[in-house]
Amino acid sequence: MAAPELVIEGRDITRDYTLRAGLFGTSRTIHAVKGVSFAVERGKTLAIVGESGCGKSTLARIITLIDPATSGTLLIEGKPVDIAHQRMTKALRATVQIVFQNPYGSLNPRQKVGDMLMESLILNTDAPAPERRERAMAMLTKVGLLPEHFNRYPHMFSGGQRQRIAIARALMLNPRLLVLDEPVSALDLSVQAQVLNLLRDLQDEFNLTYVFISHDLSVVRYLADEVMVMLSGEVVESGSRDALFSDPQHAYTRKLFAATPVTDVGAIRARLARRAAAPAAQ
Amino acid sequence: MATLLEIRNLTVAFDTAAGPFKAVDGIDISVSAREVLAIVGESGSGKSVAMLAVMGLLPDTAKVTADVMRFDGRDLLPMTDREKRAIIGREITIIFQEPMASLNPCFTVGFQIEEVLRRILGMSAREARARAVELFAAVGIPEPEERLRSYPHQMSGGQCQRVMIAIAIACNPKLLIADEPTTALDVTIQKQILDLLVDLQEKHGMALIIITHDMGVVAETADRVVVQYQGRKMEEADVLSLFETPKTAYTRALLSALPEHAIGGRLSTVSDFMETHQGEER
Chain U
1 MAAPELVIEG
11 RDITRDYTLR
21 AGLFGTSRTI
31 HAVKGVSFAV
41 ERGKTLAIVG
51 ESGCGKSTLA
61 RIITLIDPAT
71 SGTLLIEGKP
81 VDIAHQRMTK
91 ALRATVQIVF
101 QNPYGSLNPR
111 QKVGDMLMES
121 LILNTDAPAP
131 ERRERAMAML
141 TKVGLLPEHF
151 NRYPHMFSGG
161 QRQRIAIARA
171 LMLNPRLLVL
181 DEPVSALDLS
191 VQAQVLNLLR
201 DLQDEFNLTY
211 VFISHDLSVV
221 RYLADEVMVM
231 LSGEVVESGS
241 RDALFSDPQH
251 AYTRKLFAAT
261 PVTDVGAIRA
271 RLARRAAAPA
281 AQ
Chain W
1 MATLLEIRNL
11 TVAFDTAAGP
21 FKAVDGIDIS
31 VSAREVLAIV
41 GESGSGKSVA
51 MLAVMGLLPD
61 TAKVTADVMR
71 FDGRDLLPMT
81 DREKRAIIGR
91 EITIIFQEPM
101 ASLNPCFTVG
111 FQIEEVLRRI
121 LGMSAREARA
131 RAVELFAAVG
141 IPEPEERLRS
151 YPHQMSGGQC
161 QRVMIAIAIA
171 CNPKLLIADE
181 PTTALDVTIQ
191 KQILDLLVDL
201 QEKHGMALII
211 ITHDMGVVAE
221 TADRVVVQYQ
231 GRKMEEADVL
241 SLFETPKTAY
251 TRALLSALPE
261 HAIGGRLSTV
271 SDFMETHQGE
281 ER
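Chains as they are written, first to last, in my numbering: chain U, 1 to 282; chain W, 1 to 282.
Calculated from the structure, these hints are not laboratory results.
Here the structure is a predicted model, which is why all the values come from computation and not from measurement.
Note that the Cβ used here is the ideal one computed from N, Cα and C, for glycine as well.
Treat the hints loosely; a few may be bogus.
Claimed, not checked - Partial selection, computed: residues in chain U whose CB lies under 10 Å from chain W:
| id | residue |
| --- | --- |
| 1 | Q194 |
| 2 | A259 |
| 3 | V265 |
| 4 | R271 |
As the list claims (entries may be wrong) - Per the computed footprint, the stretches of chain U lying under chain W, defined by three or more beta-carbons under 8 Å from a beta-carbon of chain W, are:
| id | region |
| --- | --- |
| 5 | 196-206 |
| 6 | 211-217 |
Said to hold, decoys possible - Sample of chain U residues with no beta-carbon within 12 Å of chain W, all distances over it, derived:
| id | residue |
| --- | --- |
| 7 | R11 |
| 8 | T29 |
| 9 | G50 |
| 10 | P130 |
| 11 | R132 |
This is chain U alone, in the form it adopts within the complex (with noise of 0.2 Å):
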C-alpha cells in the first residue's frame, strides 16, 4: 500500500468568538480553539478528549463544516476547505456527517424515522423515491433496527434506539468521515456497549474514519487508534491510543485519567480501607 491517505487534515486551526458587552462596552474575544493541528487516516478513530469548555465539540463543528475556522487550514481528502469564502457544495457535504450527543434533541420528533432518513438524499441526490425508500430501509437493518420502524416517531424509542436512527441518518450520504460527538454519554452503559459495538463494526464494513469526541477514557480507549487531548482550546497532548494510555506525559492527562472511575478488585479494597480508618466514621 502507498503512503496512508489522510481524510481530514487541519493545520493551525483556530476559532475566535466575539461577545460584545452591551452598547457601550468593549467587546471581548473568547479563544474557543488555539491553534490545533491534527490529521486522521483512512479506516481510523481520532478521539479529541478534554472536560466541558475545552473547545472540543467548536472543533467537531468546524471538522463537519457547520462553522468556518477564523484561521487556520483544513484538507478534506488532500483539498483545502474554506467555507467561509466558498459555496457548499452536495458532494462536500455528503463528506462528512455528525452524529450528536443527545439523541433526544437531535432528531425531530414530528418526522418519521423514515423521512428523516429519506430526506438527505432528497436534499443531496438525484435518487428517485422508490431507491430512496429500498435504501433508507437497507440502512435500518444495517444499525440494528427494524424495516417496520420506518413508519415511527422518535418519541416511540429508547435512547439506544434513538442514537442508531441518528447514525443512520448520518450514514445516508455514505460519508467518508463520521463526527461523534459525545454519542454515548447520554447512555446507560449496558446500552452504552451495544452502541459502540455498532460503531466498530460499521467502521470495519464501510472503511468509516471517525472523529469522536468523548470526556470518558474508557470508551476512547476502547474505540481510538490516536487520541488528542485539549484542554482550554488547545492541545496538550497527543499520540497513539497505547503511547497516551501507558505512559500519559501532561499533568492535565494524567489529572484525567485519576478521575476515571476504577473497577479492580484492588482499588475498592484500598478505597474501603481508608475509608474504615477514617476518623470520621464514628
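Knowing the structure of chain U, use the given hints to seat chain W on it.
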C-alpha cells in the same frame, strides 16, 4: 449498625392500556445508619421509582404497596401526606440527575437555599443567609457570598449540582438519596461530586443511597450494592464480593459492559448474557 430505612416487598404498579405494569415488583431494601448503598440497574429497572415511592413523589396513578416501610423506627405506611412531610425533605432528602432542571431558573440559588432554611428550620433571614454561606463553603463552592446572588443559568452543571447538595444537606438529613447524581457531568467533575458526597456522608454520619447505572460509580462509592433488573432485585452484596465474585449473570453482564474490560475486542451486552443464561437464576 441500626437499620435506618427498611422496606419489604415494595411494589409499584402503573395502569396502562395493556393492564397494570409493575415498575417495581416486590423489592426489599434496607439501609443502615452511616452506610453507603448503591442501587444499580439499567434505565427501566425501576431503581428510581422505588426511591421515589419512598419519598412519596410519584403521581397518583402509581399504586404503591409494601409490607413494611419503616424509617428510623417510624412506620411510614399509615402516615398521611402531612405527617410524612415532617420526615421527607428534612430527614430524607434527594438530589436528581439534572441539576439545571432541579433548580428554579427564576430565583437566585441563594434564595432557593435560604427558603429551605427559613421554611423548614424556621431561621430568620439573617441566620439563613449566614448558614447558606457556610453550606456553600462546605460543598466547595468558591466565593460563596458572591455565588448566592447567582441564577442557576450563570453556573456550570457541576456548580449547580453542588448547590443541590447544599440544599439537600441543609437540614442535616439522616438519609440522602442521590438519583444518578453525576450522569450529566464530565468525568473530572463526576469524581469531585462523588468525593464530596462520600466526604459529607462521613462528616455528617448520614446514610447515602446512590442510584446509578454505572458500575464505575459503584466501585468508587458504595459499601453495599443492590442490583436491580426489570423491577426485581437480582443480587445484593457488599461491594467487594460483588466485584470479586458476582453471583448472577446480570451482574456479570453489567460488569462486562464497562469499556475497559474489552480493549480491542467486542463489548458484551446485557442481552448476550440474559439470553444465554436464561433460567439459570432464581
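Starting from the hint list further up, note which numbers the structure goes against and sort them upward.
Checked against the structure, the only hint that fails is number 9, while the rest are satisfied.
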